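S.K.: Each chain, written out:
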Amino acid sequence: MLEIRNLRKSFGGIEVTKNVSLSLAPGERRVVLGPNGAGKTTLFNLLAGELKPTSGEILLDGRPITHLSVSQRARAGLSRSYQKNNLFEDLTIRQNLQLAAAAGKGRTTSLLRDPLRDRELAAIVEEVAEQVSLSDMLDIDVRHASYGNRRQLEVGLALATRPRILLMDEPTSGVGPGMIKGFHHLLANLPRDLTIVIIEHDLDLAFDVSDRITVMNYGEVIFEGTPEETRGNHLVRDIYLGNWQADA
Amino acid sequence: MVMFQQTRTHTAVCLAILAALLLYAVMGGYFAREIVVEIAILAILAISLDIVAGYGGMVSLFHGAIMGAAAYGYGVLTVKFEMHPLPAAFLGVALAAIFGTLVGAIVANTAGIFYIMATLAFGQMAYTMVFQSRWLGGDDGLAGLPRFDFEAIGIDMNDPLAFALFAIVLVILVYLAAAGLLRSAFGRTLCGIHSNEARMRALGVSTWIPKMRALGTSSLLAGIAGILAAQHTQYISPELLHWTVSGEVLIVVILGGLGTLTGALVGAVAFVALKHGVGGYTDHWHIVVGIMLIAVVLAGGRGLFGQCHHLLRQRANRSANATGDGSKSHA
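Chains as they are written, first to last, in this note's numbering: chain A, 5 to 252; chain B, 158 to 488.
Think of the hints as simulated: they come from the structure by calculation, not from any bench. On a predicted model such as this, the values are computed, not experimentally measured, just so you know. Check each hint, because a few of them may be wrong.
[As the list claims (entries may be wrong)] To give a feel for the contact side, a few chain B residues facing chain A, derived at Cβ under 10 angstroms:
id	residue
1	348
2	352
3	360
4	452
Think of the CB as a built atom: it goes at the ideal place given N, C-alpha and C, for glycine as much as any other residue.
All chains should be built: construct the whole structure from the sequences, respecting the hints.
M.R.: Okay, structure coming up:
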């Protein structure tokens, strides 16, 4: 479904993505692990189109999308959430989700219909709000919402466009154990045909929700395998448990 | 920035202003009717600017030039080509819309101060072009522009009262068009782009087209102000296109309340009232406008209407909390 071939990205003389190749099957849940600075977010920026690769190719359903812009890739079904909240701060949570739902449905250009009164969009907003546990807070201004709620909305925005591939950049960063549990629940209840790539630091979550795990370090993919294989892999153990040098 | 909603406060203030204008035009004499038309022209221009500046976050400094383009289009077609006023007015408005769309296509990828400067540059180019063109009358301008001819339905547009009423009708139509636009999918998208353009793109909206379209649509409405201005004095000069006209409209919108739509009406009334009220005593009436502008900006930048609306909403929230509204308390 989504394929990355020999992707490279350099900033000046520093190569931050080194010959990364990945292949995702439809409906697959892939967790990308790796220490800070491993190039995970850069990989997402390359996938979403916010950065252009120095070389290499990205294919969606077998067709190259490397030349497409951010919005074109989103319209092709690729949706992302951000590590740092990137919301419509001065609007309400409902309006945030509504904008995303309208964008997902391509209802952004009409001069007649008010999307705030569009029942089909309202249904999507209600459903996504339910999924990310924001149903009771729809009419709160985002800037007045708690950090945890904003984190939930960050994922909600990505979901409301009804993507085929969902890229989530550390969806649980900065939230407590209660919310991580809630996030487990959210993932378990998402449709099985939705392909998901998650950057995650929480190992329990990673092992629990993923079909396959990709481990990155210094811009390279150093390991790929099932959660069981990953658990037993010494490289992964070095990075996460004890070998400080790898994290430097 | 708030997404547009025609609240009861909006409607009440709009109706009050329209009633006042109507009363002033009907009861007042020639001078009053002139003032009503002056307010109407400024209000239409301010509404058109509020769409891009208030809701789209794109501060344009060439709305005077857009208005001038429509006025000159109308003037040339009626005076030089002796075209009938009605089709000439449509073509004049179309010219303004095309001008705005083309500039919009070029400046859509700039933001902030660069957007202001780019639009200023295009406006001054248009001003200079008109100023230097002998054919367009240069700095002498063009005289002898006709008004619409509604004799067939028994309306004499040369009658100051009829013309003032016509101007009020245009204000109503432009306000309704702007409100409809801001409530449409396109208007909501525009607000989303204002709030967070990068996220809109990540959601799948290519932001260049709506930004261009916003300036084009705003220019269409500004063009209507241009036609009204041209027919009002039946004379046009390059001064109409000068950047100070654009600056003045921006002041009007900020004074009334940027991003409130109704504020554009309030600002236009306040500005013209100050001009003639204070202007009767001193030539330095701009000082009073300046002091008011500073006061409005220091009070939070919400503008005359925006500030009132804000205070009313706060009071409503307080009384809702005081009566122990249970449905809200758990949030």
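S.K.: Next step is simple, just say for each hint if it's right about the structure.
M.R.: Hints, verified against the model:
| no. | hint | in the structure |
| --- | --- | --- |
| 1 | 348 | holds, 7 angstroms |
| 2 | 352 | holds, 4 angstroms |
| 3 | 360 | holds, 4 angstroms |
| 4 | 452 | violated, 24 angstroms |
In summary, the structure is inconsistent with hint 4 from the numbered list given earlier, while agreeing with all the others.
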